[in-house]
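**Student:** Take a look at the letters that make up each chain.
Protein chains: 2
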Amino acid sequence: MDIQQYMQRLGEQARTASRAMARASSGDKDKALAAIATALRSHRSAVLQANQQDLDKGRESGLDAALLDRLELTPARFDAMVEGLEQIIGLADPVGVITDLAYRPSGIQVGKMRVPLGVIGIIYESRPNVTIDAAALCLKSGNAAILRGGSEAINANQAIAECIRVGLREAGLPDTAVQVVETTDRAAVGELITHPEYVDVIVPRGGKGLIERISNEARVPVIKHLDGNCHTYIDDQADITKAINVAYNAKTQRYGTCNTTETLLVANAIAQQVLPELAAKYRGAGVELRGCEQVRSIVEGIQEATEADWGEEYLAPILAVKLVKDMDEAIDHINRYSSGHTEAIVTENYTRARQFLTEVDSSSVMVNASTRFADGFEYGLGAEIGISTDKIHARGPVGLEGLTSQKWVVLGDGHIRQ
Amino acid sequence: MDIQQYMQRLGEQARTASRAMARASSGDKDKALAAIATALRSHRSAVLQANQQDLDKGRESGLDAALLDRLELTPARFDAMVEGLEQIIGLADPVGVITDLAYRPSGIQVGKMRVPLGVIGIIYESRPNVTIDAAALCLKSGNAAILRGGSEAINANQAIAECIRVGLREAGLPDTAVQVVETTDRAAVGELITHPEYVDVIVPRGGKGLIERISNEARVPVIKHLDGNCHTYIDDQADITKAINVAYNAKTQRYGTCNTTETLLVANAIAQQVLPELAAKYRGAGVELRGCEQVRSIVEGIQEATEADWGEEYLAPILAVKLVKDMDEAIDHINRYSSGHTEAIVTENYTRARQFLTEVDSSSVMVNASTRFADGFEYGLGAEIGISTDKIHARGPVGLEGLTSQKWVVLGDGHIRQ
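For the protein sequence lines, the chains are R and E, in the order given.
Just so we're aligned: 64 in full-length UniProt numbering is position 64 of the first sequence, and the numbers increase by one with no gaps anywhere.
Just so we're aligned: 270 in full-length UniProt numbering is position 270 of the second sequence, and the numbers increase by one with no gaps anywhere.
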């Protein structure tokens, strides 16, 4: 197969399909999503069997246990995938919404209409359920999609792609509106990310290595999510109980997620009241603490935190802890080491809460709440294609709206410019 | 001078200054703008003299008349520049505005706060007034700026830069918040557009060649404005008077602007009623018409429009004219040849107006209004840094809001995730 020609064909088909998708009614898009759900249910055994082939092949080629786990589509995961798809049917269609339509002194009416971006390229790794998730979000937001899943999931992804095509045809929409790349050749990714004439935006979903590689080589805008090195700062005017609960939850509620707190900052003046109890709770949960010198004089028997710890996204039961003089030092530390994902302050002081919200330069800033809340579902987006650590276009959790843009609409009655 | 080191120093200073600018109050930013205006007025003769040096040098080196005209800062243009600056003081500060703050089922309150982008790099050509215009918009929106003007305007730009520094210091803001590159070495541009650690977004203001070159080489997001190949479509259900007035204004009100109509599409069924009168008006204004075969059978003595004409941004008194079967053909033509800037339909038909607004994929779509209205001032933005033909981040006229982003704010009372 000539990869360049193949990807060009996919690109042209996607561009054409995107025009039809932009015009599709909410009803037709929902009908397609429902038909895809039905097709998935009736092809359940075929999809699970294809996934079994991927798993067998993965085991043969020596994939590690974590990767095999992510690759596996258990019956429960299959059902959750179809339910997730059906939830997207229930979300409001963002396309066509007109806002701020107002008269101008010239007499024209000017407003903004929400429109799809066009063609979205999604590059992801092993989980086959991302195929449905990404396809559904792109369809609902009126976009066409080109999906490039991990090579180890190729059989399940192709089986799922067939269900998507069946659903699209059933709703009278072009079955090229969602195309799953059929080759595992890595050159396909290179093509996908370098043709702005076919693809309007790339959303990579995967590890930091994948995302950095794509960002460096792309000629198409990338909505990227690098790491989540999140901070919780306990101010000296914090409520002790809230501080302990929030800081404990922010680290321990889940370890492998990007909104988990990785560094805890504590104001000197409150350290003696908070740290011993908090450290005991963390230890009870099996969390390894690494502290600055001052922390180690309060909490005994913990390792020293090095410079590398402040920049680390552990994704593990490890927490770096540092004492700071005051909030200004905490903000400086955060703006220096944070990846710009999510940071929280615990304080009862009104002025400091306001200042923290204003001065911390991250995609989510919180007062008296666990960083674990930084999530599209918790924020009410209904769904999430990823969490952007960029500033341009979309920042933080990206839902349907992040896959759209706005154009200007002008209504006149024969108005001419003077 | 080591360009790489020099630009790195500018980048570091801009990044540091951007933190102070993000925190600056509306009052301080307005104070700085007012102080810059005062400094400009008191350094009026020095700035005009520096501009005279540029003009003398330009004449010596044989710059053409059009370029020399753009380069010239006449007393009237100087005054207009200072007045433009003072108008920006009157605009609402977009920074810190919180929207959509609402309670979620978990009990947290979630909203969005508008924040500066950080450091904006602006690359422009000969007009020295862009230095003030760009600096003022960046300051008002809480950003730091690195400005890179044309080498032929270096003396005036440096004189203006000195006034900006005076104003910033007077308001107690860092005088590195706006830095005008002091070297004319082109390598400086290469450095400016390839360091995302120092620069958050690039706004090129200039010809298509400049913008394409920058877009191709940039490693930083670019808010770009390529060409403005705008269309007006006269539907067969148009009001004849409105059609003639709007189409005439859209071409002739100004020729050199990007929102001027370059191709006129006319429905077959109305061509005999509209074209003869409209063609006579265009001829009266000295506009050269180029038509498809059918147009040439109605309007005599005009040149044939070739394939190249449909894609051309003339920026001149030339208009391509084409007859189409119906609105669908008009929309197909537009979506194929347009640069995605601005398109208008003239019609009294409700359903077609709605369909045109929805299906035309351009940054501005209009009904019964001249394409010449596509402009930040006419849209009520108060000011304009450019017109984006991109879809990501900002589309159409870009004002202060286009130089900002939104972060999420979460307010809790000790909330933890379950």
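Just so you know, the hints here were simulated from the structure itself, not pulled from any lab data.
What you are looking at is a predicted structure, and each value in this text was computed from that prediction instead of being measured.
Some hints could be false.
If chains are identical, the list can't say which one is meant, so a pair holds when it fits in one copy or spans any two.
Said to hold, decoys possible - Think about it this way: if two alpha-carbon atoms lie no more than 30 Å apart in a straight line, the pair counts; the simulated DSBU-like pairs of lysine-lysine are: (1) Lys31 - Lys112; (2) Lys208 - Lys31; (3) Lys224 - Lys208; (4) Lys325 - Lys281.
**Student:** Indicate which option fits the pair lysine 224, lysine 208 if close means a Cα-Cα distance not exceeding 30 Å: within, between, both or neither.
**Tutor:** Answer is both; intra-copy 10 Å and inter-copy 28 Å each pass.
**Student:** Which holds for lysine 31 with lysine 112 at a C-alpha limit of 30 Å: within a copy, between copies, both or neither?
**Tutor:** For lysine 31 and lysine 112, only the intra-copy Cα distance (27 Å) is at most 30 Å; the inter-copy one is 32 Å.
**Student:** Is it within, between, both or neither when you check lysine 208 against lysine 31 at 30 Å Cα-Cα?
**Tutor:** neither (36 Å within a copy, 43 Å between copies)
**Student:** Are the CA atoms of lysine 325 and lysine 281 at most 30 Å apart within a copy, between copies, both, or neither?
**Tutor:** within (24 Å within a copy, 75 Å between copies)
Of the numbered hints listed earlier, the single one contradicted by the structure is hint 2.
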